[in-house]
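Take these sequences, add in the hints, and give me the full structure.
Line order of the protein sequences matches chains Y and S. Under the UniProt record's numbering, the first residue of the first sequence carries the number 1, and numbering increases by one thereafter. Under the UniProt record's numbering, the first residue of the second sequence carries the number 1, and numbering increases by one thereafter.
Derived from the structure by calculation, the hints contain no laboratory data. Some hints here could point you the wrong way.
What the hints assert, rightly or not - Here are the simulated DSS-like cross-link-like pairs (lysine-lysine), alpha carbons at most 27 Å apart as the crow flies:
1. S:K64 x S:K198
2. S:K195 x S:K90
3. Y:K5 x S:K90
4. S:K195 x S:K221
5. Y:K269 x S:K237
6. Y:K65 x Y:K53
7. S:K64 x S:K221
8. S:K198 x S:K90
9. Y:K5 x S:K64
10. S:K134 x Y:K53
11. Y:K106 x S:K134
12. Y:K65 x Y:K140
Claimed, not checked - What the simulated footprint calls covered on chain S by chain Y, stretch by stretch (three residues with Cβ under 8 Å from a Cβ of chain Y suffice, anywhere in the stretch; the number is not a length):
13. 62-70
14. 126-132
We put the beta carbon where it would ideally sit given N, CA and C, even for glycine.
Letter by letter, the chains look like this.
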Amino acid sequence: MTSAKILTLVPRTILWLFLLLTAFLMLFPVALTVLGSFKTNLEVTVGATILPKVWQFGNYSTAWKAANFSRFTWNSTFVSAATTVGTLLVTTMAAYAVDRANFFGKRFYVVLQASMLFISIGAVVLRPQFDMMIGLGLQKSLWGVIIILISAHASIFFMLIGFFRGIPRDLDEAALIDGCNFYSVFWRIVLPLLRPALAVCGLFVFRGAWNEYILPLVFTMTRPELQTLTVGLAGLRYSIGSASETQLMLAGACLSILPMLVVYIFANKSFMQVSAGAVKG
Amino acid sequence: MRKTQPYAFIMPSLLLTLALGVYPILWALRYMFYDYPGYGSATYVGLDNFARLMRDAEYWNSVKNTFIYAGGKLVLTLPLSLILAVILNKAFRGRQLLRAIYFLPTIISASVMSIVFFIIFNAYNGMANQFLMKYHLISSPINWLGADYAMLTTILIAVWGGVGNYMLLFLAGLQGIPNDLYEAASLDGANAAQKLFKITIPMLGPVLQMIVMYAITVALKGYESIMVFTGGGPYGKTDVMYLYVFKQFFPISADTASMQRFGYGSAVGFASAIIVGVVTALYFYFSRKMDKIY
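Structural data, given as structure tokens:
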């Protein structure tokens, strides 16, 4: 081997070692979770093994039935689906008006949304929000959580504005000449063309709602039947006792990770597109 | 008639934002001048809450921890994600797969992973200690969640969850740098490090500034995973300011006095928002140079 070859080979090897080590560190905790969910409690807590000795598929049925994960999964699905549909509806309508029409107060509206992106006083807002939902009688269902999640739509609004710019205005004008009005241009021209963008933004909203923890936690403190996967799982830590049922917690964690993981395997490019779109602006 | 149509389209968004975004802030701006224990009526106390805030050692401890946490997270996350982005910006076999792997943690719930990490880093029977002891890398269990290591472990978990996201943001920014510059630099004999500091970072300019600013605010405001992972413990070692705000309103964990303090909590939330605002403004002021590249 010539010295020139070694000179390019050594940095390349170091580079690959670095990339692979990072990949390993990223995957390892997830792999431990998945594999651990098939182990016995003893294996998880003292085993120091990678693979389970006997695959304990029963952990999942126990978590599903005894630890109430069927309920949590349904609640998470409901909250995430409703939030996704609601957010997309509210934001596409608003982005359409802002991008395609001129009206008094438009600047105020955009500045308002932009300030919503930056101002955060933390958990303080949960209290008045909660009181408001009690006033509306919505604290007894998950609709309170859903409406509050929909109300936090500033980032999706700005993402959609970016996508709207990609739809040529000529189309609107042609449709208007052909007898469409402001409403029918939205339903017949813009929405169909926006479908790929809606899929990407929908994915983003769904992920946010599915993974949301603090809001459902606060709203379901006294109503365990309304808890979502994230809240139910965290609650398991205190109710069963972490020392005795670790494998069930891992099975529960897998149940909450798995749906996102499956979607991610098929649509990881769309996921990444959203996040990247945020800086392109 | 025509003029009202756009209003119909922004109305749902506007109403939701005003009712659930703006009103709660106004609520806090009012009640931060009140003593409001969560039941009964609120009493106006003027600036008492802020006087108390100044003396509240527990709060200032949480502010200090917020800076340690945010500083540690940024110092590790930003360079690592920039390096990964620079490497993955070139076409090679396996690039897509690596990118997908690095981004994977960001799709998983922070609270769920915090529970898993609690199981992994548990001192008494956690998996991390099991493996390290099995391969004789340590002789006695490390108390990952003890007073000495809790903050470090918390930061490492935040880095794990954040690197993929920033890598992707940097990748998007890198797309804007023309390839000619690198080719010219190569002809002139520049090495990888020189290209990084002389071309990539200056050319990222405003994008880099935006990403860093975003990263700063996210790091200062984050408390969800800390709440699940350590609850701010042990002895307030990982208590951050927004977690402290949360505890004023929802005292759930065992190590806080189980008293709701809406008025004081509003003042704490306001003060924390000001601190984040000041840090962001300072950063913006000192990073202006980056904007002047063009």
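- Which of the listed hints are not met by the structure? Hints 1, 4, 5, 9, 11, 13 are the ones this structure does not satisfy, whereas the remaining hints hold.
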